[in-house]
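Taken in sequence, the protein lines are chains A and B.
Residue numbering for the first sequence is 1 to 505, as defined by the working numbering.
Residue numbering for the second sequence is 1001 to 1328, as defined by the working numbering.
If you are wondering where the hints come from, they were derived from the structure by calculation, not from laboratory data.
Check each hint, because a few of them may be wrong.
Stated by the list, open to error - With a cut-off of at most 25 Å between alpha-carbon atoms, the simulated SDA-like pairs for lysine to any residue come out as follows:
(1) A:LYS353 - B:LEU1207
(2) B:LYS1089 - A:LYS141
(3) B:LYS1081 - A:GLY5
(4) A:LYS141 - B:GLY1085
(5) B:LYS1089 - B:TRP1110
(6) B:LYS1055 - B:GLN1236
(7) B:LYS1055 - B:GLU1031
The residues making up each chain are set out below.
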Amino acid sequence: MEAFGLLLHGFAVLLTWKTLVLMMVGLVLGIFVGVLPGLGGPNGVAILLPLTFTMDPTSAIVMLSCIYWGALFGGAITSILFNIPGEAWSVATTFDGYPMAQQGRAAEALTAAFTSSFIGSLVAVLLITFLAPMISSFALKFGPPEFFAVYLLTFCSFVGLGREAKHKTVISMSLGLLLAGVGMDTVSGQLRMTFGSSELLRGINFLVAVIGLFGISEILLTMEERLALRGHAASISLRVVLSVWKDLPKYWVTLLRSSFIGCWLGITPGGAIAASFMGYNLAKRFAKDPESFGKGRIEGVFAPETAAHASGTSALLPMLALGIPGSGTAAILLGGLMVWGLNPGPLLFVEHKDFVWGLIASMYLGNVVGLVLVLTTVPIFASILRVPFAAVAPMIVVSCAIGAYAIQNAMFDIWLMLGFGVVGYVFKKIGIPLAPFTLALVLGNRAEDAFRLSMIGSGGDLKVFWSNGLVGSIATLAIVLLFWPLIDALLGRLALTGRTKAASG
Amino acid sequence: MRISVKAVGAAAALLLSAPAFAGWEPTKPVEIVVAAGAGGASDQMARMMQAAIQKNNLMKQPMVVSLKGGASGAEALMYMKSSEGDPNKVLIAYSLIYMLPLSAKIPFNWRELTPVSVIALDQFVLWDNSAGPKTVKEFVDAAKAASAPFKMGGTGSKREDHVLTVFLEQKTGAKFSYLPYKSGGEAATQLVGNHTESNVNNPSENLEVWRAGQVRPLCVFDKERIAYTSKVTDTQSWADIPTCKEEGVDVQYLMLRAMFLPGKVTPEQQAFYVELFHKVTQTAEYKDYMEKQALKPIFLTGKDMVQFLEEDDATNRSLMTEAGFVAK
């Protein structure tokens, strides 16, 4: 029950007027960036991060995580009303959400989306509350080989489990790893790929790349496609909300399954995108009438939203306890923590109890407040999309440029951001996924350092990655995931031959 | 020659800087540039000075901390170099000003900046896990007897920690594998988790884990013991740590903590900061901080400072050369 006491302490830290106001501001900003096409969670948090530099760490992270919850809620609005996924993981929500809106059941779909987001996050937060203290003592077991094994697992799971073509994932990841090498190499103390430029000494900032790759490139695409932003009128009345909630218990299996998938993928770095698709696909697979999916079925909204939010939330656990971000947004929050002098890792839970439990308490409060807020303000936010694109686009570009500049107060970074915008546009055009690129850019350096430190420690012996149960099982899992498509096919064939034998026998 | 002219100017300015002296004063916020990441020793020191200046009203303009820790601190050096003539930026420097130009061929020379004052000297301590050997002798014997070399954690490559490791090897005959981590904090955590056998962190970097009873200080790399005698843990004070020389390992190293302005500022501007940081060293905040972090108090400016820097540079250069860390 120690966790419970600490959590109550967290609420005590949090329940000041200042924090509550920051929370509301964060949620409103978050819903705003979530509704704007091309922004969304990671970008919104990245752009608004410097705003929080002057605050104390607890207030800052509360505000940032509320921006995050807000963006998650906001992303569902555009997916359902306009068929524009505000977030990559909202894509699966459009499958049934948009048809529902077209049938005039927008309010029902939105309520379903918000409610399931709430449930998914809640399950994940409960998990964090009771597992976090255990994970932090476990985390001291992590030396260089263990860290490298985890990074390897992340990279391998992207290649093995990603939906995109494998070679494109590998290309994208390799480019990210290459750019991660720019700047000072900690292990040798030498400069790499700076070509004598003092601007490149710093290396390529991950946030600058993300703002360009996602924000700017989305604007370029939208310009090209002359996207008309026309929405369906949406208003939520209490009656609709209650009728959806009344039916909730019927879908408990779907909700539970999606929560489980989400938590699992959030903790083992797999990402929320995979979780939402997996949640949707499994719901479809286990349904009695799979063909009704995609035609406006409420379960098709419940399943992906619950999974996406469970994984988005539980991704914060490895970030806090181990310093390893489980999602893009978690990676940006990680950068934020370091700016405030909080080193995420084993000792964070010991040395900064107030901060950690304040954050966990803010997840509970942020979710409840967020749910109420979105249910009441949907019509207002939806009206943003009636503003002509020509007016919205320059605003987005300017906010991106400010965000990129503010990270290191460097003009060079704005050019870098624009460059990455073009790269992102080209990647989207030729179908190269951006997620592996950003993942490699943020983890590449640490993975390389961890690998080289392991090698120095072991005298160059690769067996160090199987030297104890912990590192061995992570490393083995990584290799299995890398070859998962092959293993899956093999298992499928074995099962098939088994069945034919049974049938003939 | 430019240096000595400047130094004379600074010394003269210091003599003249009585309260009645209507000299130069900053007209916009002063940026204190930190050549390390958030939470590191330089950052903590910068924030202490920021607080000391603000609480004691030592300056009309506010002071802001600006972290330029990219490329192991090279970012801050290049930033200062390119800010020639700007009197609103002041660097809090340490031994990287000698070492980075040698090891990574960063085009930087501290003589291009304007020296203000040396404000402290930082110690280095040999630490091991509290479950490990209890004395330097036992530690060295265990390191020699071990089948694989002992792992020594440190911050960065070809820098203070790495140099100390090389000299420890030379003096004791034991072999170490040096693991360069990104920060002293990380080196501390890794020692607690038993992933390394030892580190040579500054007192401030290991303070918390020492108080938690997770690591043990074996010896301090200085001629004399640390002067602070108040208890830090339940049983020990900083003064209870023997010097390495006492323990039979004659290795000494102290690291400067000094303030610099960019090049080409006026003598009046330089004088203002000399006076400002002199006042800082008189504050209670500074004194508390020195004791808490076990730093050695010192205040050098003008000609004394330049002489100190030249000698320190020569020492560091010869250590780096001897360790084989100078890039060709």
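Each hint tested on the structure:
Note on LYS353 of chain A and LEU1207 of chain B: the hinted pairing holds, with a Cα-Cα distance of about 18 Å set against a maximum of 25 Å. A distance of roughly 42 Å separates the Cα atoms of LYS1089 of chain B and LYS141 of chain A; the hinted pair therefore is violated under the 25 Å criterion. Restraint check for LYS1081 of chain B and GLY5 of chain A: the C-alpha separation of about 52 Å exceeds 25 Å, so the hint is violated. Only pairs whose Cα atoms come within 25 Å are accepted, and LYS141 of chain A paired with GLY1085 of chain B is rejected, the gap being roughly 50 Å.
Taking the CA atoms of LYS1089 of chain B and TRP1110 of chain B, the gap is about 15 Å. The hint holds against a cut of 25 Å. Proximity of LYS1055 of chain B to GLN1236 of chain B is assessed by CA-CA distance (about 32 Å); at most 25 Å being required, the pair is judged violated. At roughly 17 Å between alpha-carbon atoms, LYS1055 of chain B and GLU1031 of chain B fall within 25 Å of each other, so this suggested pair holds.
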